[in-house]
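Hey, can you work out the whole structure from these sequences and the hints?
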Amino acid sequence: MPRSRSLEGCKRAARWRNAGVFLSVASALGKASALEPTRIFSEPVAFEITESSTVSYNVDNRDTRPNQVSTRANDNWGLFYNRANVLANGGAWQVGVRIDNAWFYRYPNPTQIGLDLTRERPVNAGGASPPDYFRQKVNEAGVELSNRYLDWLYPAKYYATYSSPALELTLGDGYVQFGRGFVLSLRKLDELASDTTLRGARVTARAKSGEFSLRATGVAGSLNPLRIDPASGRYLGVDASVTPGFMSVLEAGMPRAVPSDFVRDTGQCATFASCSYAPDRLFGGQLELSRGSAKLALQGSLLTRSTPLNDDIVRSARRVATGSASLELSDLAGHGAAYLELALQDLTPADASAAKPAPGGALYLSVNASAGPLELLFEGKHYRRFFPLLANVSPLRAREFSTLAASAPPTTEALFTDTEFENFNTCVSGGRLRADLALSPRATIYAWLGYSESFDESLSNDACHVSRATRNRVWDITSGFELHSTDRKSKANLSVGSRADDTDRALVTDAGETQVFYREVYSRHQARWALGGPLSLELQGWHRRRHQTVGGPGAPWSEGDELFGIDYAPHWSAALGFSYDTNPAVPPTYVNGQLGYRMSSDSSVSLFVGQRRGALRCVGGVCRVFPPFEGASLDLTLRF
Amino acid sequence: MSTASFSLRSCSSRCCGSLLVLFGLSACGDNTPKIPAELLNGNGCAAPDYPSGPFGSEEGDTLANACFKGFRDPARVSHDQASLETIAFSDYYDPTGSKGDQLLLINTAAVWCSACRSEHEGLTAKNDQYQPLGVRIVSTLFQDAARNPATLRDLSAWVETFSSDYAMLLDPDYQLGTYASAETAPLNLVVDARTMKIEKKLLGDQPTILWPFIDAALAKP
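Protein chains in written order, with my numbering: chain A, 1 to 640; chain B, 1 to 221.
To be clear, the hints were calculated from the coordinates, so they are not data collected in a lab.
Check before you lean on any hint, since a few could be wrong.
What the hints assert, rightly or not - Partial chain B-side listing against chain A, Cβ under 10 Å, derived:
#	residue
1	Asp49
2	Ala66
3	Cys67
4	Gly122
5	Ala125
6	Asp165
7	Ser181
8	Thr184
9	Gly204
10	Asp205
11	Pro207
12	Pro221
As the list claims (entries may be wrong) - Below, computed lysine-lysine pairings styled on BS3-like, alpha-carbon distance capped at 25 Å:
#	chain 1	residue 1	chain 2	residue 2
13	A	Lys295	A	Lys208
14	B	Lys99	B	Lys200
15	B	Lys220	B	Lys99
16	B	Lys99	A	Lys356
17	B	Lys220	A	Lys356
18	B	Lys126	B	Lys99
19	A	Lys356	B	Lys200
20	B	Lys197	B	Lys126
21	B	Lys34	B	Lys126
The beta carbon of each residue, even a glycine, is placed where N, CA and C say it ideally should be.
Right, dumping it as structure tokens:
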């Protein structure tokens with residue numbers, strides 16, 4: 001239930017808010033009875049409750065730009081966010097539910113944003129008179145806030161699973177990963193605070209005959225991402241026009257788009273400015289045949305949309321069919337493993353008069369081999385018009401969710417790489433070879449070399465025309481070492497690397513023409529010293545010198561993060577963080593402190609106070625933009 | 001779009017529960033600030049013949065008029081203060097077709113925006129192709145490389161870098177923020193010049209979507 005803008009709405013919101021907090025407090029205090037195993041239908045049932053709460057307050061995060069509403073709308077707001085998980089295990093059954101509750105106890109006001117921007121309007125003002133400027137900024141702020149900072153209590157995840165050796169059946173939310181992610185990849189990524197499931201049904205059947213094993217999986221349902229982004233206060237809202245029929249059952253209780261003084265309900269999500277999400281219908285299947293260490297698999301998915309909420313080539317497709325065949329050899333005579341996947345994709349535009357894109361394809365190969373102290377890993381890819389299954393989110397209305405997708409084609413890059421610009425991975429050929437050499441049981445050196453040619457990075461090229469005019473050539477080279485103490489309690493890892501990304505065509509800039517698209521040199525390190533007893537020190541950092549010709553600040557800039565921590569096992573930890581950024585578009589320095597206390601392995605409380613740099617964070621090609629944060633955040637996790 | 005009511009998010013303290021006391025924070029209460037009288041009466045960008053509201057920012061809505069400073073035809077003028085003129089959307093309103101304007105393509109751009117730069121690399125050629133067909137391109141430059149309001153210097157550098165021969169305007173106020181947040185630039189609005197209704201609203205540089213749509217719109221009777 002959203003916070004409404006009326007007195008009645010406020011009362012209603014307060015009741016839901018109270019219910020959410022009551023739920024969290026009750027789950028925390030009710031452990032004595034909740035934890036006792038009980039018998040249901042003569043079956044012993046064990047309950048597990050996990051309660052995670054966050055109270056945060058965001059002050060001015062120093063990203064304010066003149067005349068820009070969105071940089072004002074992310075200051076001075078506070079959030080109480082609660083996630084209550086209840087899990088019941090009994091025999092072959094497992095039932096779980098996660099209830100999320102967001103309560104924004106302080107939030108910006110559009111009129112105040114308009115007044116602030118009017119007061120701080122630069123002297124080189126544009127054409128609008130002050131009253132017109134003010135009115136326009138208030139309207140803009142009203143629309144911007146129409147799907148931010150609204151209170152919600154909703155069933156984020158729920159499921160019931162029956163498991164037996166031959167059959168597994170899940171109704172409700174479940175994760176799905178077919179192959180290496182070309183076809184479907186719905187999973188939880190804690191590093192990105194992402195947890196996307198398929199809400200519907202999943203059936204897996206297993207059979208074995210002699211040396212052969214067969215596993216068949218079928219899924220059907222709709223994409224169910226977390227609907228609230230605690231980092232920005234934005235939520236994904238649906239309306240009745242995009243949840244017809246059974247979809248209304250799957251979306252029951254989920255956050256809805258709500259009208260406001262600035263946004264009217266048109267009855268159609270496409271034109272309802274706070275409606276930001278239209279759940280996709282997903283169907284998929286996988287057939288896996290195994291014999292020994294060899295596994296052959298066929299997998300496919302069909303994504304269908306109701307109302308496209310954006311016009312990019314993927315989101316404007318009414319239907320996206322993706323299929324792949326994969327072969328995995330997990331043991332190459334004791335010296336390695338290999339994986340090969342070939343995928344095809346077909347997009348059908350929602351607009352019947354639009355030209356149908358040519359089918360896309362992807363080929364991915366991964367081989368690792370070991371010989372004595374040497375380990376080699378090669379990953380190669382050749383993708384043509386192969387797109388991630390972007391969720392039907394409106395990037396205009398909920399830009400924080402714009403990278404949400406139901407698939408994640410592999411990148412062949414290092415996990416942390418965040419410099420694949422634009423649609424780099426949709427029309428690309430390349431690979432990476434990594435070598436690890438163990439010099440001793442305690443010391444390893446490693447290096448990798450990657451080369452890619454992308455044809456959809458420096459200019460828009462959905463059709464994937466392969467030519468010199470569209471080509472970017474990217475070299476990526478890194479080397480480093482890793483040291484361990486004998487007891488492995490202390491370790492150090494240091495690497496240095498660089499990336500050179502050039503276009504074949506000349507790029508036009510204010511300073512003239514160039515073929516340099518992007519350059520970077522960097523170092524990464526992570527170290528942990530066990531000082532004896534319960535005390536240990538940790539140091540980790542990433543320092544980068546970057547130059548981005550198009551879209552960058554013009555000149556090279558430096559940025560980096562350094563975190564120094566002290567751990568007093570098993571309960572206490574503390575850390576100090578420092579970041580810097582010489583890009584003139586952002587503040588130069590950031591300082592923060594963290595203090596944590598672990599009550600047990602599953603329960604902890606931590607406090608963060610200070611500043612955190614805004615950044616694009618990527619894990620294996622899945623990326624998310626995190627806005628800059630300044631303020632304090634208290635996290636509590638309890639497990640019973 | 002309503003412009004009269006600014007009473008968002010106000011709620012009575014009666015609705016506040018004890019939780020507020022617990023957190024000691026202000027979820028409820030009237031937080032609507034007072035608006036100075038001098039900000040209450042604006043005339044907008046006056047154009048008597050322009051379609052009346054209500055105006056909106058979504059497809060199917062009528063585009064509100066707005067005024068800018070800029071170069072109407074940067075290929076024919078020097079790129080300095082003396083050549084700046086006031087240009088309004090209403091200049092392209094053509095209900096009878098007497099001006100030969102069929103579609104207005106309103107585009108946003110920023111110096112920091114790589115997709116905007118990529119888009120403008122090909123926009124002059126597109127203008128040469130579509131201008132005779134009745135398509136008027138109007139692009140607004142709103143921010144510089146450091147995301148501060150664009151200046152005349154930025155505008156001049158832009159039109160010289162991309163050899164722009166379509167209207168390039170300065171929008172330091174980011175008046176087009178009503179249609180899309182700055183972070184999502186570029187924005188392309190395809191507007192029917194006969195009605196000033198928004199026919200298409202596109203985010204990002206999407207030539208494979210934009211130009212076929214314009215072709216289809218031009219083919220309509």
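Hints breached by this structure: 1, 5, 6, 12, 16 and 21
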